[in-house]
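Protein chains: 2
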Amino acid sequence: MSELVDSKRISLNQITTENWSLQEAIEGCVRNSVPSISIWRHKIREVGLKESKKMVEDSGLAVSSICRGGMFPAKSGSERMERIEDNKRAIEEAAELGTDVLVLVCGPSPHKDIQESRRWVRDGIEALIPYAKEHNVKLGIEPLHPMYAADRSVITTLGEANAMQQSLGSSSVGVIVDVFHVWWDPFLYEEIKRAGGTILGFHVSDWKVPLPDIFKGRSMMGDGVIDIPGIRKAVEDNGYTGPIEVEIINQEIWDQPGDETLKVMKKRFVEHV
Amino acid sequence: MSELVDSKRISLNQITTENWSLQEAIEGCVRNSVPSISIWRHKIREVGLKESKKMVEDSGLAVSSICRGGMFPAKSGSERMERIEDNKRAIEEAAELGTDVLVLVCGPSPHKDIQESRRWVRDGIEALIPYAKEHNVKLGIEPLHPMYAADRSVITTLGEANAMQQSLGSSSVGVIVDVFHVWWDPFLYEEIKRAGGTILGFHVSDWKVPLPDIFKGRSMMGDGVIDIPGIRKAVEDNGYTGPIEVEIINQEIWDQPGDETLKVMKKRFVEHV
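So the sequence lines, in the order shown, correspond to chains P and L. Note that my numbering gives residue 272 to position 272 of the first sequence, counting from 1, and the numbers run on in steps of one. Note that my numbering gives residue 195 to position 195 of the second sequence, counting from 1, and the numbers run on in steps of one.
Rather than coming from a laboratory, the hints here were simulated on the basis of the structure. None of these values were measured; they are calculated from a predicted model. Each statement offered as a hint is correct.
One copy or two, it doesn't matter: identical chains are merged, so the pair holds either way.
Under the rule of at most 27 Å between Cα atoms (straight-line distance), these lysine-lysine pairs were calculated in the BS3-like manner:
1. 75 <-> 233
2. 112 <-> 216
3. 112 <-> 193
Pulled out of the complex, with its shape left as it was, chain P reads as follows:
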């Protein structure tokens, strides 16, 4: 792999420009020569799937992924079934919008038995595999930073995601590596190696000190402590050379004009990814 990142691999994860509608985000990407976009479901909902599909097709943009499926744990079996049904809708949306990657944010635990919730996550993904396969969509298990274990995802390390992927043993399931979530992990490079061939996405942002917020805690690449090029090279060496999503949840960045965000992120991408 080359030392420098290929600037054409950049993709706008739509949450980075949360104040933009899907139409605005698509136009912003076209205007700023960002070739690819990751689309969030709440933005699809605003205009409907049919209209979303038309916008994407008219723009010529590639869709790197749909965010997000998941949220599997729930106390009752019927609630867990509803979550699985909702994930089927997400799979359909991914297929319709022309991407083969559905990012899974696996969900928090509804009680104090976090290990039971982890089993529910596994059961939920397992139940989705036939439907995903039928639609040519892959399910990307994204481990989230352990600080989100209580409210977003009981899957907290790449090691866990890999173990789940391997135990499910399906080519329809892979993992997502987001530097913000995994950079601190002492076994990161071993686990990236173990994930070889199953990595479905690579997300970048940075960990600034002090962290500006918990949920809206991510910063622009170059503003923090993460060795992003080191992680990128490891991911590439283990088989992932697809789009690289810039995914930044940060109020200050949301509040600035989207075009400014896209300009800065393009510059930082070649300098710091």
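Put chain L on the given structure of chain P with help from the hints.
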């Protein structure tokens, strides 16, 4: 081990009443029948070691630990040497104040190579072992939550702390289990088992949703999602039956009268630990 916690095991980690001086904290413990205290070094500094020792001895309180040594990583060898010297002072303070436990918060990385910083931590602890042994003080490696990896500790999991303890192979080195830092870990119970016989301290608080803050993020036991009794039982089953420190860094709790904090924490201790 009994199902219910022995209320006599409670210890006030002094950071929980950060607005109190050492004298006030000692008097507060005596007044509220809290038999044990963990003393912070910045509080010792305010009055000096000699006076601190006198206060502790006069009170009849036990000292469960001194917080904190550590902070090993630094760019230059001379800086790292200074940190080791400072840790020797901490060992002396522990010995003088009558505790055999020095808690180590291992420190953040001064650069993006977090693995090198982890090696510096190991080197620093190794250099301290003879001095610790001489003073009959044990060094407790406390893994901190990964959200502190950038600014407080590159040691982020009990697995890492155990690996370091085992590689050092000294009875002067052990680990500290703090529920706030480790509750999310998918390998928590395996690692508590692995730590059997080397656990030097057990700290409690809770993880409230949403988290009130990053640094001042801890809550009173019972206000969050952590299965504290489950973790306590695992720690007991693996040989630790010593004092249990209530360590809560929380602005709202700091701002209330210390006596109120001690009353609530005693109640919550028997109900939720």
